[in-house]
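One-letter residues, chain by chain:
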Amino acid sequence: SQQGEEDPQALSIQEGENATMNCSYKTSINNLQWYRQNSGRGLVHLILIRSNEREKHSGRLRVTLDTSKKSSSLLITASRAADTASYFCATTFFGNEKLTFGTGTRLTIIP
Amino acid sequence: GAVVSQHPSWVICKSGTSVKIECRSLDFQATTMFWYRQFPKQSLMLMATSNEGSKATYEQGVEKDKFLINHASLTLSTLTVTSAHPEDSSFYICSATTPKETQYFGPGTRLLVL
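Sequence lines, in order, name chains U and W.
Going by the numbering used here, the residue at position 106 of the first sequence is 108; the numbering climbs one at a time, nothing skipped.
Going by the numbering used here, the residue at position 36 of the second sequence is 33; the numbering climbs one at a time, nothing skipped.
Everything labelled a hint here was simulated from the structure, so no lab data went into it.
Any given hint might turn out to be false.
[What the hints assert, rightly or not] With a straight-line Cα cutoff of 27 angstroms, these simulated DSS-like cross-link-like pairs (lysine-lysine) come out:
id : chain 1 : residue 1 : chain 2 : residue 2
1  : U       : Lys72     : U       : Lys58
2  : U       : Lys100    : W       : Lys61
3  : U       : Lys71     : U       : Lys100
4  : U       : Lys72     : U       : Lys28
5  : W       : Lys63     : W       : Lys11
6  : W       : Lys17     : U       : Lys100
7  : U       : Lys71     : U       : Lys58
8  : W       : Lys17     : W       : Lys38
9  : W       : Lys11     : W       : Lys38
10 : W       : Lys52     : W       : Lys17
11 : U       : Lys58     : U       : Lys28
12 : U       : Lys100    : W       : Lys63
13 : W       : Lys17     : W       : Lys63
14 : U       : Lys100    : W       : Lys38
15 : U       : Lys72     : W       : Lys38
16 : W       : Lys61     : W       : Lys38
17 : U       : Lys28     : U       : Lys100
18 : W       : Lys11     : W       : Lys61
19 : U       : Lys100    : U       : Lys58
20 : W       : Lys52     : U       : Lys100
21 : U       : Lys28     : W       : Lys38
Please construct the entire structure, taking both the sequences and the accompanying hints into account.
Right, dumping it as structure tokens:
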């Protein structure tokens, strides 16, 4: 079964608002990554956060990781229409490069 | 960032035929490549891990005789769907790793089996 569960499954917000997506996983991880996928396209790597990190920023993206709760969140600030896409978290385990993907969140930004 | 290409981007074939999908890392050497499949509105499911010069490691439930993987060089891995059937219709995505742990994904190949 898939490692990660994402919440919400779908999210629609007005352009300019902030979007928050959450990811929960089941076992200890080495790192957690967030990817974006536009409809029918490949995945774009957004950000990687290691198990010993709690927060990372990249432009309008902010990722947090709480290993005690086995959860992560992705915040997109000042959303734009171009942010409309599906967002996936993915985890790796120590000594293993395999990615296990979450169920994904479909984000729609309403102009 | 690193670039991974896939060819073809889409393919339509008749049931019973075989289809080969190529995955190339264009500007880096990838010792490991991964193959995923994705059904509509679902997440990616790992099919197999491909290491250059060795046999691929398949995930549980993936038929290795049906999904043949070859990783002949550090920049090329191929996935051949043998004797394709309509239920094999899906979006197939490859990725390649760099020493920095990040996986870079190809644009995907949409397969439709009639």
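Do the hints match the structure? See the list:
1. Lys72(U) with Lys58(U): holds, 16 angstroms
2. Lys100(U) with Lys61(W): holds, 18 angstroms
3. Lys71(U) with Lys100(U): Holds. Lys71(U) to Lys100(U) sits at ~22 angstroms (cutoff 27 angstroms).
4. Lys72(U) with Lys28(U): Measuring from Cα to Cα gives roughly 7 angstroms; hence the hint holds.
5. Lys63(W) with Lys11(W): Roughly 16 angstroms between the alpha carbons, so the hint for Lys63(W) and Lys11(W) holds.
6. Lys17(W) with Lys100(U): The given pair, whose Cα atoms are some 23 angstroms apart, holds under the 27 angstroms limit.
7. Lys71(U) with Lys58(U): Distance of about 17 angstroms is within 27 angstroms: holds.
8. Lys17(W) with Lys38(W): holds, 24 angstroms
9. Lys11(W) with Lys38(W): holds, 24 angstroms
10. Lys52(W) with Lys17(W): holds, 17 angstroms
11. Lys58(U) with Lys28(U): holds, 21 angstroms
12. Lys100(U) with Lys63(W): Answer holds: Lys100(U) to Lys63(W) is near 21 angstroms, not above 27 angstroms.
13. Lys17(W) with Lys63(W): holds, 12 angstroms
14. Lys100(U) with Lys38(W): The given pair, whose Cα atoms are some 22 angstroms apart, holds under the 27 angstroms limit.
15. Lys72(U) with Lys38(W): holds, 25 angstroms
16. Lys61(W) with Lys38(W): holds, 25 angstroms
17. Lys28(U) with Lys100(U): holds, 15 angstroms
18. Lys11(W) with Lys61(W): holds, 21 angstroms
19. Lys100(U) with Lys58(U): Given that 27 angstroms is the threshold and the Cα spacing comes to 22 angstroms, the pair holds.
20. Lys52(W) with Lys100(U): Holds, at about 16 angstroms.
21. Lys28(U) with Lys38(W): Holds, at about 23 angstroms.
Hint compliance for this structure: no hint is broken.
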